[in-house]
Structure formats: structure tokens, C-alpha cells
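These protein sequences, in sequence, are chains E and R. Heads up: the first sequence runs through residues 688 to 1079, numbered per my numbering. Heads up: the second sequence runs through residues 688 to 1079, numbered per my numbering.
Honestly, I wouldn't trust all of these hints.
Because identical chains share one entry, a pair is satisfied inside a single copy or across any pair of copies.
Heads up, simulated BS3-like pairs for lysine-lysine below, C-alpha to C-alpha not over 30 Å straight-line [said to hold, decoys possible]: (1) K770 x K1007; (2) K741 x K972; (3) K1030 x K770; (4) K706 x K745; (5) K1072 x K1030; (6) K1007 x K706; (7) K750 x K1072; (8) K1072 x K1037; (9) K1072 x K1007; (10) K706 x K1030; (11) K1007 x K972.
Note that these hints are calculated values from the structure, not bench results.
Protein chains: 2
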Amino acid sequence: MFPLPTGYRYATAYAGIRKDRRDDVAIIVSDSPASAAGVFTTNLVQAAPVVLAKAHLKASRGKARAILVNAGNANCATRTGAKVALDSCKAVAKSLGIPVEQVLPASTGVIGVELDGSKITGAAPGLVKALGGDFESVAKAILTTDLVQKRAAARVQTKGGIVTLSGMTKGSGMIHPLMATTLAFVMTDARIPASDLKPMLRRATARSFNRLTVDGDTSTNDCIFLLANGATGSALTPNEKELFEEALTKLLEDLAMQIARDGEGATKLVTIDVSGTRTEAEAEKIARSISNSPLVKTAIYGNDANWGRILAAAGYAGVKFDPAQAEITMQGVLVCRGGLAAKFHEEELKHLLNTPDIHITFRLKGEGKGRARFFTCDFTEGYIKINASYRS
Amino acid sequence: MFPLPTGYRYATAYAGIRKDRRDDVAIIVSDSPASAAGVFTTNLVQAAPVVLAKAHLKASRGKARAILVNAGNANCATRTGAKVALDSCKAVAKSLGIPVEQVLPASTGVIGVELDGSKITGAAPGLVKALGGDFESVAKAILTTDLVQKRAAARVQTKGGIVTLSGMTKGSGMIHPLMATTLAFVMTDARIPASDLKPMLRRATARSFNRLTVDGDTSTNDCIFLLANGATGSALTPNEKELFEEALTKLLEDLAMQIARDGEGATKLVTIDVSGTRTEAEAEKIARSISNSPLVKTAIYGNDANWGRILAAAGYAGVKFDPAQAEITMQGVLVCRGGLAAKFHEEELKHLLNTPDIHITFRLKGEGKGRARFFTCDFTEGYIKINASYRS
Chain E
688 MFPLPTGYRY
698 ATAYAGIRKD
708 RRDDVAIIVS
718 DSPASAAGVF
728 TTNLVQAAPV
738 VLAKAHLKAS
748 RGKARAILVN
758 AGNANCATRT
768 GAKVALDSCK
778 AVAKSLGIPV
788 EQVLPASTGV
798 IGVELDGSKI
808 TGAAPGLVKA
818 LGGDFESVAK
828 AILTTDLVQK
838 RAAARVQTKG
848 GIVTLSGMTK
858 GSGMIHPLMA
868 TTLAFVMTDA
878 RIPASDLKPM
888 LRRATARSFN
898 RLTVDGDTST
908 NDCIFLLANG
918 ATGSALTPNE
928 KELFEEALTK
938 LLEDLAMQIA
948 RDGEGATKLV
958 TIDVSGTRTE
968 AEAEKIARSI
978 SNSPLVKTAI
988 YGNDANWGRI
998 LAAAGYAGVK
1008 FDPAQAEITM
1018 QGVLVCRGGL
1028 AAKFHEEELK
1038 HLLNTPDIHI
1048 TFRLKGEGKG
1058 RARFFTCDFT
1068 EGYIKINASY
1078 RS
Chain R
688 MFPLPTGYRY
698 ATAYAGIRKD
708 RRDDVAIIVS
718 DSPASAAGVF
728 TTNLVQAAPV
738 VLAKAHLKAS
748 RGKARAILVN
758 AGNANCATRT
768 GAKVALDSCK
778 AVAKSLGIPV
788 EQVLPASTGV
798 IGVELDGSKI
808 TGAAPGLVKA
818 LGGDFESVAK
828 AILTTDLVQK
838 RAAARVQTKG
848 GIVTLSGMTK
858 GSGMIHPLMA
868 TTLAFVMTDA
878 RIPASDLKPM
888 LRRATARSFN
898 RLTVDGDTST
908 NDCIFLLANG
918 ATGSALTPNE
928 KELFEEALTK
938 LLEDLAMQIA
948 RDGEGATKLV
958 TIDVSGTRTE
968 AEAEKIARSI
978 SNSPLVKTAI
988 YGNDANWGRI
998 LAAAGYAGVK
1008 FDPAQAEITM
1018 QGVLVCRGGL
1028 AAKFHEEELK
1038 HLLNTPDIHI
1048 TFRLKGEGKG
1058 RARFFTCDFT
1068 EGYIKINASY
1078 RS
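Please model the entire structure based on the sequences and the hints provided.
Following this line, the structure appears as C-alpha cells:
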């Protein structure tokens, strides 16, 4: 059974935003006002719901009762975007009988196409009536080019009882978060003030969603919301907060991995571990560079142990290192030692690479304690096919 | 007739470095010591010939008699790389009877595979005997996954006579120069001291090869050599130098365009003009970001006027601007005005995009005088196919 936190309800509907008849609008409602935090895209071009969600979090001082999300239209670079986002939140707020600033909006889909606000405002009363639907339906309703739904949960034992965190996410292309990514919603019944929630979410995101890339494109709509309604347990002790943050980080990492695995056209999840740099930031830079290299990603698709491309991508990452200290492994096989070819069995490694889970390590020998893990996927004809005709 | 500068000779041979039997080693020889300049990759991992060419230019104080180049092996991250590069230069120098530091080496091909030096040293005497071959054969011998040879020429009228510049280049993948790119050789019979040649080449490269991307991967072997042997004309006047540099910049831009058009798997050359930013550097940043976006590149492949992706890519370029000032055109058609959708005929534009030459402009309305042009290509299944199995 997928664990769910106490005190949340879910509903979805088809509002006619998508062309195909799949639910495209959903709400997640906390029975009581929850502490809320968000992290958002760093893209300069920000969709209307991103701008509004930020304003709502500010106006409510980190309180929220509902998340309102639609798929099929990003409501970005649209003339009427701000009004549509606000009207949609108002409609949900009215049906729920709560202040509008306690509704956090999110949208995903095509950019630059006007979103017909009446579709969402029209659906709002029905959505609220339908509350009591399941978490899974919401996880499905937010998908766009994704092939599978993505969710993860965690439980933390506290003195006040076991608290649950349950999260969902979507995303398959335009994935290269630099502050957050795509959409992700995490609900917990733990009792945590908003002032604690925000830095926790920021740190957890930095080590999970910010270490994920599918195609190097940072979306205009990325956001992660974290709601904590305190339905279970008592205020967390400092030690419990640490455990909670650890669980949150792992949960987000799990969701990020699910995104990479379901990357547009992807056949493989690639995990890249960089270590031995002076700092964590340096390790992250190198890992990001390797993860973003189309040449590395196509080689992995082709089961090709082309470690020279990994070394080259590390070389242009903008981190100073001595190539003679570089060691690279693929699937545990040492392919590069001291910056040069190591002896390995080419055909055997080709065979090992022919699997959906790829593990690459890039290690600098020496004193450095910096390390970072990054997730990406392989790069295939499928990505091209999906994106050459996304709007048609 | 393709114009050639006076005083240079060419030769190619098959040295057995490539698997397929195509010439893979070549020399370009100036009859007299030429002023020489080079720009090189900014990748931290630098191939042995890059390191050696830099040392030779330094030791010779910018004098060169010959360029020695091989394709099929990058001689990068190889145990014996430095020795192989030096021995190769020595063999050519000996056969020509010139100092070794007047030979500039360059290699292109796979990374991390030992290059058998005896193949080149063995070929050297024959190469020198074969001098008198044609420019075109060298332009062909340096190709790897390229489909077509790439060359360009220019002529400049000076008081001392007409001087000629002729250049060749190669490159199709791992193209994302940040200081130089791939291989390019430009020979001229103009009389220019090395001290002038170097800054000229650096500036011209900054505005041509550094504004080209195929896949965002910066190679370990990039270099551009410029030789000026003074066989024609007298020392240039300041005004003539300007004309020369202008011709050089255009020639390199022409070569860069040829690379983009022949990008791995590419079906379209994409020219991106950004204007209205505060500075040229800002315009370049935005243009680079748009040019590198796989989502933009796949949309162009699919004849899809998905301008939202162009706006999004500009938004994460790291340049501050007001999206409400953004105007975007595709094939001359206004698709985005004030950061929002402009009215355009979707089917008509789809038709206009179905052509090998794509032109995109991104303009910020306002006072800014910054502008930059960038070249890239579309992103197709062909790129994936080529790179999934490059080494096999």
C-alpha cells in the first residue's frame, strides 16, 4: 500500500484543456491550513501561476489549504495569464470557502497559447464536490509527455507518532532544473512551521531535483510545493527535524530518478557520481557537465564505453583539475585511470551497458572530499520524435 | 576556381589510422617561414597535439613552415600522446629540412585510443615527396563524420597587390567552441607579422567559430591555425590590416556556417540573430542559449513554430531582460510580440520552415545596441544514430 499522510483529499476532472480526453485539472486539499513552502524555476520567463503562487505564499505567510494544478497548457507568455491564474484560484477558494491566497496554482504544458480560464473556473465546483478521489489520479492528471506516473513516500518515527510524507511529480522533457524542476507536490501530516519548511525544502531540492537533467532546458513553470498540515504528531524536535529533512531529501531524490528514467525517449536511467573534488559545488559542476553532454548520452544509448567523451565533458565543466588524476568507471568497470585508457574488456562492458540502469563514476584521486550525485537519461531517437512535433 | 594563396603546397596520404581506406594524414607547407598564430580549445583536457602546437608557436615566436594533421584519432588521453605528436613533427621536419618547432600538429578523431606513431613517421617522407597535391584533398583528408568538405576564400586588395586567404575546416559533432573549434587552417600570402596575426585571429574567431554550436560539447582538440607567408604584397597599412581582418572574420564565419550545415544528422542550418541587449556579450549569451536548446532544435527539425521554447531558452540564458520587451521572428514572420503570442498563420509558417535555411531573430525593444549572430543546426534522429555507435 502506498502510504498517505492524514488530512488530505484529492480530486481530478477533465476540463477540456488537453486534446485527448484525460483528466487535466486536479486539486489537493488539506483539511486544515498547512504550513507551505515552494521552490520555483530560475528561468527569467516565469509562467503566471509561478508568479501567483509566490505571491500567495507571501500573502498567506506560508499557509495553504489547496494546490490547484492543470496540465496541457503552461499558462506562460499568455496575454490573459495572470487573470486566468487568479480567477482559477478564486473559483476553487470560493467552492472551498477559504481565502484565495491559500490556493497554490501550478500549470504545465505548451507555452504561449492562451489558456481559457472558464474551463478551470467551470470545473472548480465539481472538483470540490469530487474530493475524496485518490492520490494516484492526481499523479496521473498532471502528466504530459510522461509515460508513467511518479510518486514516492516516506515515514519518519517521531515522539508524537509516525509522520508520513507522500510526493508526486511530473516531467519528461524541458528538464534541467536550477532551482527546482517541473512540478512536484509533497504532502505531509507532520507539524512543522513554514519558517522551517522553506529552508528544508530548499536544501532538499538542491540535492535532488537540482541534480537532474534530461535535456538541459530549464522550464518556465517549475515548482515544488511542500505542505505540512500537522495532522499527526507534535512539533518536531531538532533531531526529528533532521530525520524529516533526510527523509524529504531521499523522497525528492527518488522522484527525480523517476523523472530521469521516464525522460522523453529515454531507455536508460544514468546515475553519475563525482568525487574527489575540493568542494561539493565542484563535484556538482562536473557531474552536471557530464550529464548534459549529448555525446555521453548517445554513447550510453548505444552501449558504447566511450569514456573519452566523459573525460572531455568533465574538462569543459569549468572546474580546474589535473586530468592525470581522473579515474572513470562504467558499470563498476575501470575504463580510465590517470586520465588514460585502462585495460578493459570492450565486448564484456558493451554487454554490461545493455541494461536500463547505468552507473558512471568520475573520481579525482587526491585529498578532495567534494562529492555529488546526478541523474540523467540516455538520448535517443525517441526524444527527437517527441519534440519535433510536440505542438501538432 | 577556388582561389589559393601563393607559396603553399599540399599533400595527403593514407597512413592506416582510419579503418576505412581514406587519406587520413596531410601536410600543408609554406615555401618560406610564415607568420603563424593559433587559437585553441578551452577544454581543460587538451590533446597532445594541442599542447605541442602551443609550445611550437612559442618556441618559434610565431613562425611556421608546416601544418601536420591526422584524422581518425584525436591523440588525446593517450599514454604515448606527447611522444607520438613530437615524433610525428620531427619526421616531417626532417624530411622538409626545417626546425621541428616550425611544424604545427593537429589531430582529430576518437579520444583515448593510443595512436601508433610509426604510422605517421612512416608516412612523412612520402608525404613530403607528394607535395604539390591539391588543397581540396587536404580538406577531405581531415574530415571525420563530416559529409562534405568545407572551405572558403577571400581576396583583399592592397597597395602591394591582391592578397588571398584560403581556409578549410572540419567538424560535425562535439561542436561547441568556446575559444576556437574543431580544426581550421587558413593560409594567406599577405605579409603580416605574427604579433599582429594573433590578436586578429583571436578577434575573428570570437565572432565566428565561437558563435557556432552543434551539440554543446567542447572538443579536446579544437584549433585554428593561421599562416601568413608574405609571398604577395608588401607590409599592410593599418587600413589594409582592418580590411584583412574583416575578410578573415567573414571567411571564418563562412567556414563556421558550413560546419553547422553539416552538423551530425542535421537537415537545416539555423542562423540566430539577437539584438537590443545592453552589450554584445549579452546578445551572445542569449543567442548561445537558444542555439543550444535541444527543444528549439528539435522543433525546427519538425517545422514547428514553437516560439515558446525560444523565449524559454532566452529566459535561462543568465541575462536580465524584461520578457515583455521580447520580439521573436521565424523566417521573417513575427511570432512573439511583447513576450506574448503574435497573430500568425500557423500552416503557412510550417511551410516556410520546411527548408534547409532557418532564420530566427530575438529582439529586445529598447535602447540596447548589443547584437550577435549565432549558427547552429537542427537536432534529428541522425545525430543520435551517428553518436550511439561512433566507436563501433
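Evaluation of the provided hints:
no., hint, in the structure
1, K770 x K1007, "between (48 Å within a copy, 25 Å between copies)"
2, K741 x K972, "both (28 Å within a copy, 28 Å between copies)"
3, K1030 x K770, "between (63 Å within a copy, 21 Å between copies)"
4, K706 x K745, "neither (35 Å within a copy, 64 Å between copies)"
5, K1072 x K1030, "between (37 Å within a copy, 27 Å between copies)"
6, K1007 x K706, "neither (49 Å within a copy, 35 Å between copies)"
7, K750 x K1072, "neither (42 Å within a copy, 50 Å between copies)"
8, K1072 x K1037, "both (26 Å within a copy, 17 Å between copies)"
9, K1072 x K1007, "neither (37 Å within a copy, 33 Å between copies)"
10, K706 x K1030, "between (54 Å within a copy, 21 Å between copies)"
11, K1007 x K972, "both (11 Å within a copy, 23 Å between copies)"
In summary, the structure is inconsistent with hints 4, 6, 7, 9 from the numbered list given earlier, while agreeing with the others.
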